[in-house]
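There are 2 protein chains.
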Amino acid sequence: MAVSHIAFPDLVALLEAIFVRFGTSRQVAAILADNCARCERDGAKSHGVFRMKGYTDSLATGWVDGRAEPVLEEAAAGFLRVDAQNGFAQPALALGRDVLIEKTRANGIALLAIRNSHHLSALWPDLEPFAEQGFIALSTVNSFACTVPHGGQSAVFGTNPIAFAAPTRSGEPVVFDMATSSMANGDVQIAAREGNQLPAGAGVDSNGNPTTDPSAVLNGGALLPFGGHKGSSISMMIELLSAALTGGNYSFEFDWSGHPGAATPLTGQLIILIDAARAGGAPFGVRAETLIDEMASAGVKRFPGQHRFAARKRSDAEGIALGVDDLNWLEALAAD
Amino acid sequence: MAVSHIAFPDLVALLEAIFVRFGTSRQVAAILADNCARCERDGAKSHGVFRMKGYTDSLATGWVDGRAEPVLEEAAAGFLRVDAQNGFAQPALALGRDVLIEKTRANGIALLAIRNSHHLSALWPDLEPFAEQGFIALSTVNSFACTVPHGGQSAVFGTNPIAFAAPTRSGEPVVFDMATSSMANGDVQIAAREGNQLPAGAGVDSNGNPTTDPSAVLNGGALLPFGGHKGSSISMMIELLSAALTGGNYSFEFDWSGHPGAATPLTGQLIILIDAARAGGAPFGVRAETLIDEMASAGVKRFPGQHRFAARKRSDAEGIALGVDDLNWLEALAAD
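Sequence lines, in order, name chains A and B. In terms of this note's numbering, the numbers along the first sequence are unbroken and rise by one, the last being 336. In terms of this note's numbering, the numbers along the second sequence are unbroken and rise by one, the last being 336.
Some hints here could point you the wrong way.
A pair holds if it fits inside one copy or across any two, identical chains being indistinguishable in the list.
[As the list claims (entries may be wrong)] Using 25 Å as the maximum straight-line C-alpha spacing, the simulated SDA-like pairs for lysine to any residue come out as follows:
#1 K45 to A311
#2 K53 to F254
#3 K301 to A60
#4 K53 to V3
#5 K313 to G323
#6 K301 to E194
#7 K313 to G151
Worth flagging that the hints you see were computed from the coordinates, not collected in a lab. These numbers come from a predicted model, not from an experiment.
Just chain A, same shape as in the assembly (with noise of 0.2 Å):
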């Protein structure tokens, strides 16, 4: 397959460009397309422009209104919600983002509950930010149903992510970003794509028995949680943080059959955030770069998110690598 390096910022422009065509607002579309285009360059791949269809897609359908304007809502001192009107997610983080961190650092922790929201993306993009800024921070969003509770016959969870980012004092920050579901649902459209099987316990067919067949998961199949029932429970709790804390939907709740080819789950989004100054005893990013050597010396060679970063210097250093045939197809998106 032929590839082509293209620069960041040409990557940003041209993604702009196609939300914009798609009837988002330009705020919205500058916000998503540094998403999506970070996510590319760091070879998060499953978020990066695969996603670039889902998004337009959805827009195309008018299940998302690439148009909202969020509101925030000042719940109690240290506790903040959005109603993101339908929009996407990251335009409501970003609303509620500076209000959110000033109340962190006067309380020492605080949360931001977004709900009426569409998150089509990773979350270390809405949670790295923070660990630079010498902030510990927790986010989980639900998504649509398509996993198994531990112990069920049906989907009743989405893929349900939860994400950590801590600080360091001089290094990169740790960020953690994962599915609670075994795969994350974009890496079985990828697999099933490239023909590729999953692993062994990834999921089940139609009739609840399992399967490594990519096509079989997302044809009335589904996957199953992490790890078995505590991977389950985590992914419980991930429902209630994002949907009944938040007020948004859960996985298993909205209605997109008459949107067909939405793809952007319409549920709920919680940030949690912590002013990692208030730390008793050493600094935290000091204490941080302890575990992180202590567990070099036991011989643990790649740290999460580490990969990010390596990708993020080849990018930086020769371009963003994408297929021609994407970048063609983006550029085809963007025409009019």
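Once you have looked at the hints, place chain B on chain A.
Okay, now just chain B, sitting in the frame of chain A:
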């Protein structure tokens, strides 16, 4: 094995006498006895009277201070710290509990960061009462190096449990409490005592090879995290929250070799409390029940915490079933 039944208050009084006999203050004895008796009552055998040997050995060797007076620090409007002063974590929580609730009511969210503390019990007894008062609670505690990080060769993490509790409208709260190692250490000890094998993937021996022999895990071997790299990332987060944020030790940092028999890890505990009354949309408890109902419709028969509530009902009706040998042993411990 002959079984005797003992009423909850009688078990509390017996355990209290033991703690006092091993040098704790009356207040610490009352808190720990209640905690331990609740575990036994609720069928959480690995944290019930089985743990009394660890408590009394740790006290006898002078490793933990049963008369420590914890010190409360207000770091910010929503950020409390407690220095447990080398005492147990539960009295430190008891000291901060009312202020934590007050701060959570005022701010919507608050945290309590306990350091220099020993936690040998389960986490759910700490959290369940918060959920009964309408709060969502999350807690983490690290322990002692006995779990190999994913991709590593030697133990760095503890069993590092995470617990979560949330209120429902009318029923029992949702409460889960799970080790992020493949098993809880208490369960490995019980398997060793009863001559049972561990499930595949539970741990490694002293040469780093997979084993299902609990003795091999306990004698120079180590546990593995649950759920592969994902569980390992969560365990890493728990070290950062319970140690780096609180100011306590990492699981690999304290040295109890001068106190043979010491069984109580000297680390830290984090508790995050959220006021469910600030939730967006419908009341949180109503929404939590909607999720539970949907999971039940999907065929889930057993919910986190449910087995404990069932055991509690039995114990309240019939008394707590204890082996006669165990009861004799406890009575001997309590005697002068």
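Next item on the list: Since the copies are identical, ignore which copy is meant and state whether K313 and G323 lie within 25 Å (CA to CA) inside a copy, between copies, both or neither.
Entry: within (19 Å within a copy, 62 Å between copies)
Note to self: When Cα atoms must be at most 25 Å apart, do K53 and F254 count as within-copy, between-copy, both, or neither?
What the structure shows: Within one copy, since 21 Å is at most 25 Å while 52 Å is not.
Notebook entry, point to check: For the identical chains here, do K301 and E194 meet the 25 Å Cα criterion within one copy, between copies, both, or neither?
Noted result: neither (29 Å within a copy, 38 Å between copies)
Checklist line | Within, between, both or neither, where K53 and V3 count as close if Cα-Cα is 25 Å or less | finding: within (20 Å within a copy, 65 Å between copies)
Note to self: I want to check one pair: K301 and A60. Are their C-alpha atoms no more than 25 Å apart within a copy, between two copies, both, or neither?
What the structure shows: neither (44 Å within a copy, 41 Å between copies)
Margin query: Treating 25 Å as the Cα threshold, decide for K313 and G151: within, between, both or neither.
Written below: Only across copies: K313 and G151 sit 24 Å apart there, 44 Å inside one copy, limit 25 Å.
Next item on the list: Measure nothing new, just compare the shortest in-copy and cross-copy C-alpha distances for K45 and A311 to 25 Å and report within, between, both or neither.
Entry: within (11 Å within a copy, 48 Å between copies)
Hints 3, 6 from the list above are not met by this structure, while the remaining hints are.
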